[in-house]
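Asks: Listed below, chain by chain, are the residues.
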Amino acid sequence: MRDMRSSNAYRDKARIALNKPPAIGDDIDIDAYASSDEAVAYRDDPTELPTDIKEQMLDAGVVVDDLSHRSGTFIQMDNAPVHSSTSQEGIEVMALNQALDKYDWMSDYWWRVVSVDTDKYTANVELNQNSGYFIRALPGCKSIYPVQACLYLDKSRLAQNAHNVVIAEEGSELHIINGCVSGSGEEPGLHLGVSEIYIKRGAKVTFTMIHNWNSEVEVRPRTAVIVEEDGLFLSNYVLMKPVHSLQMYPSARCVGENATVRFNSVIVATPGSSLDVGSRVILDGKGDRAEIISRAISTGGSVITRGYIEGNAPEVKGHMECLGLILKGEGAIHAIPELKGTLSGIDLSHEAAVGKIKEEEVEYLMSRGLTRSEATATIVRGFLNVDIEGLPPMLSAEVSRAVESSGEDFM
Amino acid sequence: MLIPTPSVGIWVSVTNFGGYMDMLEIKGLSVAVEGKEILKDVSLHIADGETHALFGPNGSGKTTLLMAIMGFPKYKVTRGKIVFGGRDITRASLDERARLGIGMSFQRPPVVRGVKTRDMVSAAMGNIAGSVTIDELAEKADMTEFLDREINYGFSGGEIKRSELMQLLAQKPELTLLDEPESGVDLVNIALIGRLINELLEKDYPMRGRRCMGLVITHTGHILNYINASTGYVMLDGEVSCKGDPHEILASIRKNGYAQCVTCLTENK
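Line order of the protein sequences matches chains A and B.
The numbers in our numbering rise by one with no breaks, and the one at position 121 of the first sequence is 121.
The numbers in our numbering rise by one with no breaks, and the one at position 101 of the second sequence is 1101.
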């Protein structure tokens, strides 16, 4: 069996890229963070986890106390897997290391959609390869409940290096809640997460990522997705809590015909937070569809929202909507929507707006009897409650809950 | 009803004999928008259960009057006062007036992204435990398919009017201000609009039992075929120039345009 953990080719590439600055975003000094390999006790029963940790997880959509409405669960603390389980036949959830031991075909899904030498962060994940999850739906299998994965950053000044692989085999359906959480204290930390998502013919994946960090944490996810014929990838990203800096630009490529990709992001930049969040879709198959919806609010932090749709095949269609609201303080929002078409007969469009809440809208609601603050809260709530087409009601409720519970803080 | 009497500071019961008490009274009202005086010394009163119509050319100040009664902050009262149900509301805020029982149907309400039509109806209902549900109201206004759409986003003229009236039916105001409810509405829809307004103004009730009042701006007068307005006014250059039977006023405007009104106004001075 060929084990990627000892593959020199990737290691060599990573070593060369170890100092390669990222294409965008601050260049973080990774050496300032420890890359601990310390084991954390594995728990068959995750309800034994301390209450404060469970509460933090719950704010990121990860339910630990009652697993009856989850098809599978994976929990990682710092760099150690502490729990993995499944409750549905045909759904596999395990630590990445287990998958590498179990399947000799893992090389087909290893650094295939994300390049190991993308930047210093991906290189670091390869060289300190010690954690992450593997989630797979067997052909035709549909997850009844969401599969949840939690990456919990506990120790101060630690670099969390996760490499995740998600595979939806032909005709399968996977609904994943990925909650990323740090401890309740304001401790510095670094989260590096590589996620490679493979969606086979006719398969559907909804990937809902909720972040719940603190104001000292630096976050650099590196995510890429490949979608085959008739496949669907639906990504929802929710960030309502402070973070020191976050930069990510997940990319989905449709390689087959009639594939669909939707990215929805709902982000709030609190004072001191610096966010750079994008979504990229490449449409290479005839009749592929893409939609990017981004709603950003600044209550004092800075946000860059990027969007990129590229159409390279006949009859592809893409639309992007980047809306930003600056609610107060010295906030800044920079929307950068980009479209690229490389042949005739494609249909790509975008809509972008950055501003404050319009007085006319507040007064309209007030004329129905709402007070000024009720009217403002209703508008903000509406702005953040992106309707997510195709999202199972349970996930939709989870997203709304994350938005509503945190939204109260700044409304 | 109960109204406060400021002089003695106690509540007294006022019996509404035959429904002719002045429920809305506007006295010598002047209104400025962004420092420019638009309305000059406007007076009118509407009794319980009555609906009045407001005519006048574009830019004469009709919408300004409605916006000032509703209490939009941009419309500053420089002189005069507005009394509603015996209470001076000249300084009351917009939302306070809405909660006191004044509601307005806007001609061009704003799109509010992310806020659903359902949210607006629910906001308008407030805390009143109504006997009617949002879905029932929507069905009545033929707006069911719009409830989960963003308010006014991509709505046609007729859809906007129906949405506005649906929200007002939820709000149940005692005084309804209607800004050109028939504009942009096709012939099929106008009957529905008329029915909704009639319900809003309790036109099916006998006059004695009717409390709801209306003040409606109309350009074409079409809506007068559906609602029973008792008094009409012509507004010219920020002043009420003429008061009378709305159908006679409309006939005169149709025949002579507003020129006749100008003459009339000059003669009155």
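Incorrect hints may have been included.
[Claimed, not checked] Pair ranges (Cβ atoms, derived):
1) Lys358/A to Val1077/B: 43 to 49 angstroms
2) Pro271/A to Lys1076/B: 58 to 64 angstroms
3) Arg1091/B to Ser156/A: 53 to 59 angstroms
4) Tyr1153/B to Asn8/A: 43 to 49 angstroms
5) Asp1135/B to Leu138/A: 56 to 62 angstroms
6) Lys358/A to Gly1126/B: 52 to 58 angstroms
7) Leu343/A to Tyr1153/B: 30 to 36 angstroms
8) Lys340/A to Ser1122/B: 49 to 55 angstroms
9) Asp1245/B to Lys358/A: 37 to 43 angstroms
10) Asp1186/B to Glu55/A: 53 to 59 angstroms
11) Glu1145/B to Gly90/A: 55 to 61 angstroms
Quick caveat, the hints were computed from the structure, so don't treat them as lab data.
Idealized CB from N, CA, C, for every residue including glycine.
Asks: Would you mind marking each hint as holding or not holding in the structure?
Replies: Outcome of the hint check:
1. Lys358/A to Val1077/B: 43 to 49 angstroms: violated, 24 angstroms
2. Pro271/A to Lys1076/B: 58 to 64 angstroms: violated, 35 angstroms
3. Arg1091/B to Ser156/A: 53 to 59 angstroms: Given a distance of about 56 angstroms, which is inside 53 to 59 angstroms, the answer is holds.
4. Tyr1153/B to Asn8/A: 43 to 49 angstroms: Since the Cβ atoms of Tyr1153/B and Asn8/A sit about 57 angstroms apart, the hinted range of 43 to 49 angstroms is violated.
5. Asp1135/B to Leu138/A: 56 to 62 angstroms: Violated, at about 42 angstroms.
6. Lys358/A to Gly1126/B: 52 to 58 angstroms: violated, 23 angstroms
7. Leu343/A to Tyr1153/B: 30 to 36 angstroms: Given a distance of about 32 angstroms, which is inside 30 to 36 angstroms, the answer is holds.
8. Lys340/A to Ser1122/B: 49 to 55 angstroms: Given a distance of about 42 angstroms, which is not inside 49 to 55 angstroms, the answer is violated.
9. Asp1245/B to Lys358/A: 37 to 43 angstroms: Check passed, 41 angstroms falls within 37 to 43 angstroms.
10. Asp1186/B to Glu55/A: 53 to 59 angstroms: holds, 56 angstroms
11. Glu1145/B to Gly90/A: 55 to 61 angstroms: Once the Cβ atoms are compared, 38 angstroms apart, the range 55 to 61 angstroms for Gly90/A and Glu1145/B is violated.
Hints 1, 2, 4, 5, 6, 8, 11 from the earlier list are contradicted by this structure; the remaining hints agree with it.
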